[in-house]
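Residue numbers (this note's numbering), protein chains in the order written: chain C, 1 to 221; chain X, 222 to 442; chain D, 443 to 699; chain B, 700 to 770; chain P, 771 to 1006; chain F, 1007 to 1242.
Mixed in with the good hints there might be a few duds.
Derived DSSO-like pairs: lysine-lysine, alpha-carbon spacing no greater than 30 Å straight-line [what the hints assert, rightly or not]:
hint	chain 1	residue 1	chain 2	residue 2
1	P	Lys914	F	Lys1150
2	P	Lys996	P	Lys974
3	P	Lys914	F	Lys1109
4	P	Lys806	D	Lys539
5	B	Lys752	D	Lys539
6	B	Lys756	D	Lys605
7	P	Lys974	D	Lys605
8	P	Lys797	D	Lys688
9	P	Lys873	D	Lys688
10	P	Lys999	P	Lys806
11	F	Lys1232	F	Lys1033
12	F	Lys1033	F	Lys1150
13	P	Lys873	F	Lys1033
14	P	Lys914	D	Lys686
15	F	Lys1232	P	Lys806
16	P	Lys914	P	Lys999
Reference excerpt, derived from the structure (chain D facing chain X, CB under 7 Å, subset only) [stated by the list, open to error]:
hint	residue
17	Ile532
18	Arg604
19	Ala607
20	Leu613
21	Val619
22	Val622
23	Pro623
24	Ile624
25	Tyr627
26	Ala692
27	Gly696
Rough simulated footprint, nothing fancy, chain D against chain B, three-plus residues with beta-carbon under 8 Å [said to hold, decoys possible]:
hint	segment
28	712 to 724
29	733 to 740
Derived by calculation from the structure, the hints in this document are not laboratory data. Note that the coordinates shown come from a computational prediction; the quantities given were computed from them, not determined experimentally. Where a beta carbon is used, it is the ideal one built from N, C-alpha and C, also for glycine.
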Amino acid sequence: MNTLTLYFRREWQLMFRNTSSLIQPLTFFIIIALLFPFSLPAENALLQRIGGGVIWVSAVLATLLSLESMFHSDYHDGTLEQMLIHPRSLPLAMLGKALAHWTATGLVLSLFSPVLCLTFNIPSDQIWVLFAGLLLGTPSLTLIGAIGAALTVTLRRGGVLIAIIILPLYIPILIFGAGMLTQATQGLDVTSQLYALAAILTLALTLSPFAIAGALRVTIN
Amino acid sequence: MNTLTLYFRREWQLMFRNTSSLIQPLTFFIIIALLFPFSLPAENALLQRIGGGVIWVSAVLATLLSLESMFHSDYHDGTLEQMLIHPRSLPLAMLGKALAHWTATGLVLSLFSPVLCLTFNIPSDQIWVLFAGLLLGTPSLTLIGAIGAALTVTLRRGGVLIAIIILPLYIPILIFGAGMLTQATQGLDVTSQLYALAAILTLALTLSPFAIAGALRVTIN
Amino acid sequence: MNPFTSIWTFLSTTYHRLGSPREFYRISRYVTPVFGFLFLTLSALGAYFGLFVAPADYQQGDAFRILFVHVPVAWMSLFVYVVMAVAGAIGLIWRMKMAFVVTICSAPIGAAFTALALLTGSIWGKPIWGTYWVWDARLTSELILLFLYFGIMAVYYAFEERKTAEKAAALLSVVGVVIVPIIHYSVEWWSSLHQGVTVFAEGGPKMPPSMLLPLAFMAVGFMFFYGYALFLTMRNRVLINERKSKWVRALAMGESI
Amino acid sequence: MGSCISNGRINMNWAEFFNMGGYAFEVWTSWGLTLLVLLWFVIIPKHRNARIKHEIKRQIARETRLENTAP
Amino acid sequence: MVLINSVFCKTKVNLTLMPSTQAISAKNLSCTRGDKLLFENLNFSIVSGECLHVTGENGSGKTSLLRIIAGINRSETGELVWNNENALVNLSFFAACAYIAHKDGLKNELTAIENLRYYQQLESNNSNSDQNEEALDEALDRLKILQCADLSAQQLSFGQRRRLAFARLLVSNFSLWILDEPFTGIDKNGRALIEELCVEHLEKGGVIILTHHQSLIDSPINAYRKELKLSELDGS
Amino acid sequence: MVLINSVFCKTKVNLTLMPSTQAISAKNLSCTRGDKLLFENLNFSIVSGECLHVTGENGSGKTSLLRIIAGINRSETGELVWNNENALVNLSFFAACAYIAHKDGLKNELTAIENLRYYQQLESNNSNSDQNEEALDEALDRLKILQCADLSAQQLSFGQRRRLAFARLLVSNFSLWILDEPFTGIDKNGRALIEELCVEHLEKGGVIILTHHQSLIDSPINAYRKELKLSELDGS
Ligand code: HEM
Ligand SMILES: Nc1ncnc2c1ncn2[C@@H]1O[C@H](COP(=O)(O)OP(=O)(O)OP(=O)(O)O)[C@@H](O)[C@H]1O
Ligand SMILES: Nc1ncnc2c1ncn2[C@@H]1O[C@H](COP(=O)(O)OP(=O)(O)OP(=O)(O)O)[C@@H](O)[C@H]1O
Ligand SMILES: [Mg+2]
Ligand SMILES: [Mg+2]
């Protein structure tokens, strides 16, 4: 079987096995987003203004949290060692794994984001902008985040270190993604931001599999 | 040696050994809080209004992220089994562990929060309110969160499940803690919220060690 | 024999009988339809009085008729949680198998009641408050209750081994019971858009009898519905849990037990 | 029965009844949703009960066949 | 079906060293894992100076039994009696009982001696820290890993880790050792060493419950050995 | 200092089964862990039908050597030659090489057969799924864990897990088996079984590199055995 599909399928199989792991990133996304109404003054206008930003930050954090465990069990049970020995292309395998991971996190939460927008009273024309931005941005989040996951896999408390490594790299995506929304609120054009997100995605798709593979080779010994 | 101190000290020793684990929750706290200025329209008044809420949410998420690994390595290397056998009081041991954990997360980030407040232009009289709230609230966050950590320790992807279990229980703390700030902005009295936070803390201190111990007895087998 | 002893003997035999899956399955066969019947009668009466008899509210017009589903359903969402937590505690302390089954099987029913309370509440909110949703204490804490139900189900399904899963879910339901007083007193503790305590208020219900009567019928009827649905689900769970045992096998082959 | 005769709602016909004083959508969706959910919790378990019994039966059949084929 | 073959030969309890005789017995234990009944109505009884060798094929339930004895899991039926008291309600039992399994309870981040010190502090009431440190060094030396004292546990080889896990028995005063395959990954000299330590413990009046796949006939432990054989049960 | 004792006896390479003779040799390998030089100037060379038995005390560097051979770690000096080519630049080497260590590479969440199927799919080019499934069942059956096929790996006993890890060798076509203490946790019958499988593999022209602490003199593998003894180096 093709390396990419093999790893993609295996990852899916593992996720399905852990019954609720498919709905967990989504639930996490929703819960984070809903933390804000509790901690801010209850005013509809305020919530509406910050809604888009909150949703983007929640998406980033939900991705981040789910990334942590991405290589963890592979490392502890020795699967990673076996991958390193194996002649199948490691970068391709990593790409498969990352994409599978994305479908269960980024994709799902992009699809759900419109519902969340409704609770924040975000107008429907902006919902589309947010949706498109998330769909283009979240794969980059996963791909870039996987590099951090690979670098920190051997560490206890890797979860927090991963955030430190990766969040700075997420800032550009966040700026373009959430900035798009601010633009849209003011009725401005958002295509340039969409192009920027697409460019980041292309870069991430081509380079990060190699970076992930390299990171694993460095950390596992 | 006293059970409480013994476990407290050991946890500290382990945290110090893992070089950066002491600064990680703090860094995470700062980074999450600083994600917001990037994803919201750049207006000082807006940031100032939501600053307190954002800091509280960041504290909750930083605690949550650091909780995940709380029992993980103890489980995988068999230390937990040894604790279960041991006649020393398991609840006390867990209390020691949780308190050590708090000093490295909640305490540190409460102490740092005033600095963060400055970046959000929060007036100095409100800074004290926020600081006191965090100091009273974060130990409860850790103690309650540890129950979730204990329940999910045997699971892969426990990290997200823990969030689903625990975040609902965090909401009251968040409501009181962040609500205090909203009150303070309007020049109202905040003692009743402080009492509420203290009551929650007392409850958490007395009950959650038993719940943690119970959860471990349930999941380890 | 004095009445106290006989009541005690009765209670303890019932306890031991219901504590055994097999006895539960046998007894529930007769009890379940009774619950179903009581539910149907009471809620039919409630619906009749509520929809046909009760006069329209002088402020809300006919919109207030949502009350007869919203309030019972909202009460049930809390009641089911309390039952779950109590059963969970019993299971953990006295290691009673059936108590865990009560906890696990109540979760989806409670979640449904909670979702209904949220839905009917927000539908009602549109004409009354002018919006479907506000971030108000009562509403948000009810939303948290929904998440708590989901969390308990997620925990149950996350574990491979049934015994572990049952105990973990029971423990979480016990821990989470703090949310119930928060929801109940939220209207008093925080200024809230939501209606204050109306029915069980000090100095009697602040509601005309024409409203109170159907509400009472509906509320008690829903209580029986909970018993009915719970027993139906529990019977399935018992079959699954005990599928290796002789009596379930005999049952599946069409023998009676 | 053209009208419901009762103490509060005299001379009401069915159309008025269904109109609910202009709140038809709100009232009927609330009641309807509730009814649907209640039905769900009756129908699904009953259906499942039959299926579970059927599966146990099949399992027994499979086992007896294995026993018969095995020496 | 559970057989007890008493291949038990001699007991030399040195009463001067450990005054009260220890005894552990199990009545009617049973264990189900998943759908599978591993054993039921299992009984055994050993006293000071005896070593119970639990044997059985892979998957026969040895580890499960050891975990029940150690109190990590619970038996569905029956009870465990330690010195005439129910072991599960008897704190002195858990204080007397050490369990060494495949998971070794060592922290990767801590050095060998720090790992050992933690376990010492857990048990000991001796506050003389010089004596305590002495005892640590001695234990490491007995197991021939003194040269690794300041290596972090992560850097130990598999066998060194196992030895370190074993060293824990020497720094505290357990009377019941529960050892799940103690010779795993240990070289020839190490094995002789551990056998010697076990014999010493038995001579002092201790009790050992262990699993091991190879025969112990040629081992010095054999003289104290009682065998408990777990056999495959038929389905149901 | 590194000694090679050639206790090597006979080679019966069945050339019809595996046409090209396999050979692996190491020249001048060395390994330092932390500050410690484990070995240097290590050489060996084995061909089809030979089994290299790496011996040495705990901590002498056996596992480190095996990891270097498997390409997980790198040697600071020298090179590894596989069929006359440098192994590290030779993808065919990694395709031929299987490494079974203490960490078993099994997923707790997946059932035994799913774990095995994954490793089969990794290697095989055979797309006939019926045949593949057949092979999986057969491998489990050979190792006597067919009854555990649908248990998740977490629910397996230690020995059953080890057997499952070993079963991986049977579903793919590796010519070089690198086995770090393959008999750990395995019962008597299991050990005989694994020895039998090793002999079969050697007979077919495969190569095995293994570590094991006990003597292999009484084992059927002994006939194919070459010993490589790692001895403690003096500090430097
Ligand atoms: C999404 C929106 C809503 C939610 C989640 C909600 C939730 C609840 C809950 C949980 C209760 C039970 C409280 C207790 O027993 O302590 C309740 C009771 C009640 N609700 Fe709502 N509600 C919502 C909207 C509304 C609206 C719009 C009205 C009408 C103005 C309303 C009127 C009532 C009344 C009259 C009671 C009975 C109060 C009592 O006597 O305790 N609710 N609701
Ligand atoms: N990651 C590491 N960092 C530093 N030193 C290490 C590391 N791993 C192993 N060592 C050291 O290298 C030496 C050899 O380790 P290795 O695991 O190769 O031994 P081994 O021969 O396999 O022993 P055993 O029989 O116990 O398995 C040991 O002394 C150990 O302390
Ligand atoms: N957590 C679990 N859930 C379900 N079944 C389990 C679990 N743990 C063990 N088992 C099953 O229980 C049986 C006995 O396991 P146990 O670990 O006690 O065996 P063992 O005698 O120690 O075997 P080994 O010699 O391989 O270590 C095995 O068949 C295993 O499949
Ligand atoms: Mg075992
Ligand atoms: Mg080794």
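Hint-by-hint comparison with the structure:
1. Lys914/P with Lys1150/F: violated (38 Å)
2. Lys996/P with Lys974/P: holds (18 Å)
3. Lys914/P with Lys1109/F: With Cα atoms ~25 Å apart, Lys914/P and Lys1109/F stay inside 30 Å; holds.
4. Lys806/P with Lys539/D: holds (18 Å)
5. Lys752/B with Lys539/D: Holds, at roughly 21 Å.
6. Lys756/B with Lys605/D: holds (25 Å)
7. Lys974/P with Lys605/D: Not OK: Lys974/P and Lys605/D at ~41 Å, beyond 30 Å, violated.
8. Lys797/P with Lys688/D: Cα-Cα ~26 Å, so holds.
9. Lys873/P with Lys688/D: Roughly 38 Å separates the two Cα atoms, so the pair is violated.
10. Lys999/P with Lys806/P: holds (18 Å)
11. Lys1232/F with Lys1033/F: holds (17 Å)
12. Lys1033/F with Lys1150/F: Outside the cut-off at roughly 39 Å; violated.
13. Lys873/P with Lys1033/F: Violated: Lys873/P and Lys1033/F sit about 37 Å apart, past 30 Å.
14. Lys914/P with Lys686/D: At roughly 52 Å apart (the allowed maximum being 30 Å), Lys686/D and Lys914/P break the hint.
15. Lys1232/F with Lys806/P: violated (44 Å)
16. Lys914/P with Lys999/P: violated (33 Å)
17. Ile532: This interface hint is violated because 14 Å lies over the 7 Å limit.
18. Arg604: Arg604/D check fails; min Cβ-Cβ to chain X is 12 Å, beyond 7 Å.
19. Ala607: violated (9 Å)
20. Leu613: holds (6 Å)
21. Val619: violated (11 Å)
22. Val622: With a closest approach of 12 Å, the Val622/D hint is violated.
23. Pro623: It is violated, given that the least Cβ distance between Pro623/D and chain X is near 10 Å, above 7 Å.
24. Ile624: This hint holds: Ile624/D lies near chain X, its Cβ roughly 6 Å from the closest one there, short of 7 Å.
25. Tyr627: violated (11 Å)
26. Ala692: violated (31 Å)
27. Gly696: violated (37 Å)
28. 712 to 724: holds (count 5)
29. 733 to 740: Coverage by chain D holds for the segment 733 to 740 of chain B (5 residues, Cβ < 8 Å).
Of the numbered hints given earlier, the model fails hints 1, 7, 9, 12, 13, 14, 15, 16, 17, 18, 19, 21, 22, 23, 25, 26, 27; all others are met.
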